[in-house]
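Residue numbers (my numbering), protein chains in the order written: chain A, 21 to 383; chain B, 53 to 196.
Any given hint could turn out to be false.
Lysine-lysine pairs mimicking DSS-like chemistry, simulated, CA-CA at most 30 angstroms apart [stated by the list, open to error]:
(1) B:Lys77 - A:Lys147
(2) A:Lys209 - B:Lys142
(3) B:Lys142 - A:Lys147
(4) B:Lys104 - A:Lys66
Bear in mind the hints are in silico, worked out from the structure with no lab data behind them.
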Amino acid sequence: MATKASQGMAVPAAMPDSSGEKAVEGVPVPTFDWMGLSAEWGTRIKPGEHGLRLSDLNVGIYGEVPEVWEDQTRRPRGALPRPGVPPLPYNLRHKHQMWADSAANLYEEAIQRRWIPATDVPWSSLKPLPDDVERAVCQVCTELMQYANTEIEIITYWQDQMSYGYYEVKQFLATATFDCARLIEALRKRALSNGGGLGQESRGLVNRMILESRGGWTESAVYLYLMRGSYMMLVLRGLLNAAHNDAERMIYGKAIEDWARHLTYGYDHLKYSVSHQAGQADILQTLLTLGEIMMGAELQESTTRPALAIIFGGGIKGGRTVGMETYLHLVGDFVRNYLAVCDWLGVPRAEMLHPMLKKYLEY
Amino acid sequence: MAVFPSLDWFQKVRDVYNSDGSLHKGGGGACHTTAAFKVNGQSYLIVFEGLKCADIRTPTDSELSEADFVIEMPFELWKAMVANVQSHGKADLHYTLNSLDLQQDEGIAYSPADDQYRQDLFYRYNQNFQDFFDASARVETTFA
Numbered sequence: 021m022a023t024k025a026s027q028g029m030a031v032p033a034a035m036p037d038s039s040g041e042k043a044v045e046g047v048p049v050p051t052f053d054w055m056g057l058s059a060e061w062g063t064r065i066k067p068g069e070h071g072l073r074l075s076d077l078n079v080g081i082y083g084e085v086p087e088v089w090e091d092q093t094r095r096p097r098g099a100l101p102r103p104g105v106p107p108l109p110y111n112l113r114h115k116h117q118m119w120a121d122s123a124a125n126l127y128e129e130a131i132q133r134r135w136i137p138a139t140d141v142p143w144s145s146l147k148p149l150p151d152d153v154e155r156a157v158c159q160v161c162t163e164l165m166q167y168a169n170t171e172i173e174i175i176t177y178w179q180d181q182m183s184y185g186y187y188e189v190k191q192f193l194a195t196a197t198f199d200c201a202r203l204i205e206a207l208r209k210r211a212l213s214n215g216g217g218l219g220q221e222s223r224g225l226v227n228r229m230i231l232e233s234r235g236g237w238t239e240s241a242v243y244l245y246l247m248r249g250s251y252m253m254l255v256l257r258g259l260l261n262a263a264h265n266d267a268e269r270m271i272y273g274k275a276i277e278d279w280a281r282h283l284t285y286g287y288d289h290l291k292y293s294v295s296h297q298a299g300q301a302d303i304l305q306t307l308l309t310l311g312e313i314m315m316g317a318e319l320q321e322s323t324t325r326p327a328l329a330i331i332f333g334g335g336i337k338g339g340r341t342v343g344m345e346t347y348l349h350l351v352g353d354f355v356r357n358y359l360a361v362c363d364w365l366g367v368p369r370a371e372m373l374h375p376m377l378k379k380y381l382e383y
Numbered sequence: 053m054a055v056f057p058s059l060d061w062f063q064k065v066r067d068v069y070n071s072d073g074s075l076h077k078g079g080g081g082a083c084h085t086t087a088a089f090k091v092n093g094q095s096y097l098i099v100f101e102g103l104k105c106a107d108i109r110t111p112t113d114s115e116l117s118e119a120d121f122v123i124e125m126p127f128e129l130w131k132a133m134v135a136n137v138q139s140h141g142k143a144d145l146h147y148t149l150n151s152l153d154l155q156q157d158e159g160i161a162y163s164p165a166d167d168q169y170r171q172d173l174f175y176r177y178n179q180n181f182q183d184f185f186d187a188s189a190r191v192e193t194t195f196a
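Pulled out of the complex, with its shape left as it was, chain A reads as follows (with noise of 0.2 angstroms):
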């Protein structure tokens, strides 16, 4: 019955028979004209062979992404608008702004492979620790727990700007904020349930910086993800290399994969906001030139240094010669890391990094 109206607009519905029954008295008589206002009708998308999965339903007037959304509403991509509707502040509206070509398939991943930590940690592995490994491992739960709790701050802050026009790079950020919680869960359950507690709140300088950059999506996601995430990434390899039990390599194994997401969209995101707006690339080295120095204060200050450091070597006589060691190699394969994938963006690093920074590639 329904057939797709040019420009899209009224499309003949099925309306309920009006023939023979009367209204109950007192009740409104139901007038649907609703019912034939679509866009594009008769959309039948069938399963793929990964199930029906978001990015399958890019066809037609809902496939069409425009590199401007001019529209500040609410309105679901592909609906059709309604007049008069006053607009909020959505701010970021152009495609080069948020978008990442793998953010629906992220997404499907994301929510496909969740873990449970309160089920899937095998906590009974759980063993008492020297006092001196325990104690670095609560530091380095509690500061990890501010790196994710940064995290969620900043994607919900600029998240709420995003228009509907890219709601699969807002799905997908939902899931990202969703790993972070997660991730705080996972942490402080294992810092509270081996015998030792939360150590000290972290100074915070990158986070500081994460969260105060207002510039927009695309400079909170160079220090969120090329610099923050890299490091994070690192680091939480590191533990896994170091696991003391089950339940830690579940949770470091869990949250590497999750992390990994995030640096896949936050790096596609990145490329594609350096390929498709002129002096993005410019832009990005003045903002590498200003993190680097924060990234190289708080590598050299933050109390994850002599932690970890700890928990690579052992304890702590260990930790000042091959954890030590361990750590500073550690953050050597950030700075190649991320060296490598400033390249791979097309905003070479390497002639500027900053000394903070370079000091580690002998590592």
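Based on the hints, put chain B in the right spot on chain A.
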């Protein structure tokens, strides 16, 4: 008894991996990727589809160049990793893919197309691949 490395060995591991869902605990989710292992001059292509290892075969040059990522390390390290899995029932912390990647200066995984997105699949599906190699504990193995 299967000989490592050989296509027969990898296929036996695949059969074990696919036959027991309890071996998928680390990955715990669907995995869609085509990767390759380079072992002692020989390449093996592995195709993951959902919760299964759909295929493992000897790749053509073209298939190898189109793999999402390749895992390559010195043969002695491959042997040590498999032997470690055989001894412990799963890789201990010195012989996980993550550990070996950290230990090697250039890492053990790379994208043949130098594509960061595809390279990152190594980390997104890291535990699925670990589960796969841990399943080799149930394959009676001898070394070439």
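Hints and how they fare:
no.: 1; hint: B:Lys77 - A:Lys147; result: 21 angstroms, holds
no.: 2; hint: A:Lys209 - B:Lys142; result: 26 angstroms, holds
no.: 3; hint: B:Lys142 - A:Lys147; result: 20 angstroms, holds
no.: 4; hint: B:Lys104 - A:Lys66; result: 23 angstroms, holds
When held up to the earlier numbered hints, the structure conflicts with none and fits them all.
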